[in-house]
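> Protein chains in written order, with the numbering used here: chain F, 1 to 385; chain B, 1 to 385.
These are calculated hints, taken from the structure and not from any lab test.
Watch out, some of these pointers could steer you wrong.
One copy or two, it doesn't matter: identical chains are merged, so the pair holds either way.
[Said to hold, decoys possible] No more than 25 Å apart at the CA atoms, straight line, and that leaves these computed lysine-lysine pairs for DSS-like:
| id | residue 1 | residue 2 |
| --- | --- | --- |
| 1 | LYS263 | LYS55 |
| 2 | LYS195 | LYS95 |
| 3 | LYS297 | LYS110 |
| 4 | LYS263 | LYS307 |
| 5 | LYS81 | LYS297 |
| 6 | LYS95 | LYS307 |
2 protein chains.
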Amino acid sequence: MPTAMNHPLQGLLVLEFCQYLSGPSASLRLADLGARVIKIENPKGGDGCRRLAIKNLWVDDNSLLFHTINRNKESFTANLKSPEDVAVVHQLIQKADVLIHNFRPGVMEKIGLDYAAAQQLNPRLVYAEISGYGTEGPWKDKPGQDLLLQAMSGLAHTTGNADDPPVPFGLAIADILCGAQLVQGVLAALIRRHKTGTGARIELSMLESLLDFQFELLTTYYASGQLPQRSALSNGHTLLGAPYGLHATADGYLAVAMVPLQKLAEVLESEALQAFSQEEAFRRRDDIKRTLAAHLKQRPSAFWMEKFRAADLWAVEVLDWQQLAEHAGFLALDMVQTLQAAGRDIRTTRCPIRFNGHTLTSDRPAPALGGDRDRILQELNTPPN
Amino acid sequence: MPTAMNHPLQGLLVLEFCQYLSGPSASLRLADLGARVIKIENPKGGDGCRRLAIKNLWVDDNSLLFHTINRNKESFTANLKSPEDVAVVHQLIQKADVLIHNFRPGVMEKIGLDYAAAQQLNPRLVYAEISGYGTEGPWKDKPGQDLLLQAMSGLAHTTGNADDPPVPFGLAIADILCGAQLVQGVLAALIRRHKTGTGARIELSMLESLLDFQFELLTTYYASGQLPQRSALSNGHTLLGAPYGLHATADGYLAVAMVPLQKLAEVLESEALQAFSQEEAFRRRDDIKRTLAAHLKQRPSAFWMEKFRAADLWAVEVLDWQQLAEHAGFLALDMVQTLQAAGRDIRTTRCPIRFNGHTLTSDRPAPALGGDRDRILQELNTPPN
C-alpha cells in the first residue's frame, strides 16, 4: 500500500440502498474520499432522484440533480423480490465494508436485508441507516422530508424577523447534516472494527440531526425557560445582540457580526449609536439595529467597508453567486470540478476536504441505471487472484 | 479490547487548539464517540468562548454556551511562549493521534506548531485545521466568522422571499458544517493510517464548507447561467416549484412539501387550484402559492391536516420548541442528557448518532481552565506500565 495514497478510503466497498439526498450525500462523501460505492437500484426506474429535474435541467435520461449527487458511483440493478437477485445482493453484502440505507422503518426488514440478516451474512459489515424521526415513537412513520423536518424541529423559528411568519432555510439542511453525521458514524465504526474485528449498526434520524444542530438553542431554552426571539429587524441569530445581522446601505447590503458598540459608533461616526452601552447590546438590539440601519442607509457599501476594514472590524459585503463565482477569492479555492457525461461537461463543486494538500476530485459522472451490473456480476463469478 | 465497546473512538487522544465553535464542535463529536479530548488553552483566559455568555447565562466562571460545546473534554493550560510549556506540548503531540486547530493562517507557524513541525514530532499524527477562507488567495486573512461567511458565500440569497433583503440562516451553519466535515476528514485519515502507518494533513475552510452545502445551486447556476430566484411568497427552496413552502392557515402554519398539484386541489377541495397543471409548478409557483394561501387561510391547521393525513400527503404543522419539547414524538428520541456542573444540572442535547442501538451520552461537564493540567503533567512523568 503506497504511503502517498491520497484517497484515504481506497479499498473500501460501500453498498447504497438509498434515494434522493440524505443517504446519497453520505455515500458521495465516502466516494470522494476514495471508497467504491455501488448503488443498488430497482430495475424499474431506480433512485427516484434520476427523474427529479430542477428547472427542467437534464443530462441524459437522468436529471442534472441526480448527476450532481451521484457522481463517482456505480449502479447495480436488483429486483429484491427475485431470489436470484437477492442471492447476488447477499454476495455483495458478504464482500462489502459498509451498507447504507434510507428507507422508512420496516422496509429493509420486509425485504430481509435488516441489520440482523446483514450481520449474519457479514459480521464485519458496518450497517448504517437514516430515518426521518427515529424507529420508535408516534412520529416514526411520518415522511422524512427536509422541509417537514425543518417545520417540526423548531428550526423555522430561528430565521427571518420577529414579525415574519416562520421562515425555513432555503436549502435541504436536514438531509445534508444527517448525511454528514452518518459518514462520521460509519468511519468511527470502521476504526473500531480494526480493534474488535466486528462491524456495527449506526442509526441517525433527520430530526435528531436538526436537534443536534440547534444544541445551543435547546440548551438555552432548558436553562431559561424562554423561547428564542428573533429581532424585529436584521435578525442574524436569536441568541446574539446588536449589531449581528445583515444591514442595507445606500446601494447594497453589509453583514456586521460581533462588533463592540462604542467602537462601531466611533468608526462609523454615529452620534446616535454612542447613546447605547455594550450591556444593552442584547436587550435593546432592535433599537440599536434601527439606529444603525438609518445611518448605513445614507452611504454606499464601499464607503462603509473602507471604515470597517481600516478598523479591522467584522463586516463584509453580501455577495450573490455571480459576484462570488467571479471573485479571485473564490477562484483561489479551486472549488469547481468538471465531469464528463453524455458528451457534456458538468461543472460542479468538489469535496471540501483537502487531504495532504491535495483536493479530492473525480471526473466520473453518475452511473446509468444498472450500468455496472454485468461487470459486477462478472467480478463475483471470478475467483480472486 | 472488548467487542461490546460502544464508544468507537475509545483509546484515541485528540489535542484541541481551538476557540469558539467550528473546531470545538468537531472535537465535541470526537469526544462523544469516545476519544479523549484535551483542550490546550492559554493560561490567560483560555478559549474566548468561556466568557461569551448568551442572555447572561453562566454556569460557573464559564458561560452556559461554553459548557454546551466543551462537555466531556479536559483542559491543559500552556503558555506557548514559554520553552518549558512548549516542551510539554511537544510531549503531548508525540502521544496524540489527532491535533485540531482553528487559528487564522500563519499563527501555528509562528508558534512552531505547524504541520511540518508536528509531523516531525509524530509522523502518525493526523493534523487537521479549519480556516475561514483557505490558506491562499486574497481572502485568506479575512475573519472566519459565521455570518460573514454566509454573506460572502451567496447563502443569504437562498432564504426569505423574493422582495426580502438577503436573509441569513439564524444558526451558525458554517461553523457546524465545517466542524462536521473536519471530523469526516480526521476519521478517514485514521482509517488510512491503519494501512500506511502515517498520519496526514486535513484542511477545511468554512467557505468551502458552505460552497459544498450549496452544490445543487452552484451546479444549476453553472448549467443555466441564471441566478436562483426566491419565490414571491412562502419560499422554501429556490429550485423547487409550488406548493413547496410554509403556509399560513386560520390559526397557524403548515409545511407542505412536494405534492402533485391536481392531488392537492382535490384533497383540499379547491377549484381555483385545479386551474394549474403540474408542468406549471415551477414557472407559475407564485400564482399557485397565492391561490393556495388564500384557500388555507380560511380554516384552522387541524382541519387541513386531517385531509393531508387521510391522503398521505407531505404536510405537517409548524412547531415551536415548546410544542416540540413536550411532544411524545420528541420524547421518544431520548435526545436530552443532563450534565452536572458546579452543583447545577445542565440539560443539553446528546450526540445524534446511535451506535449498536445505544445513545452516546456523558455526564462530564466542560473543564475548568487548566483543570486537568496537574494530572496530565503527572501522567507524562509516569512511565507507561
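> If a hint holds in the structure, say so; if it doesn't, say that too.
Checked hints:
no. : hint            : in the structure
1   : LYS263 / LYS55  : between (47 Å within a copy, 22 Å between copies)
2   : LYS195 / LYS95  : both (19 Å within a copy, 19 Å between copies)
3   : LYS297 / LYS110 : neither (61 Å within a copy, 41 Å between copies)
4   : LYS263 / LYS307 : within (11 Å within a copy, 56 Å between copies)
5   : LYS81 / LYS297  : neither (65 Å within a copy, 46 Å between copies)
6   : LYS95 / LYS307  : neither (61 Å within a copy, 47 Å between copies)
Violated hints, listed in ascending order, are 3, 5 and 6; each of the other numbered hints is respected by the structure.
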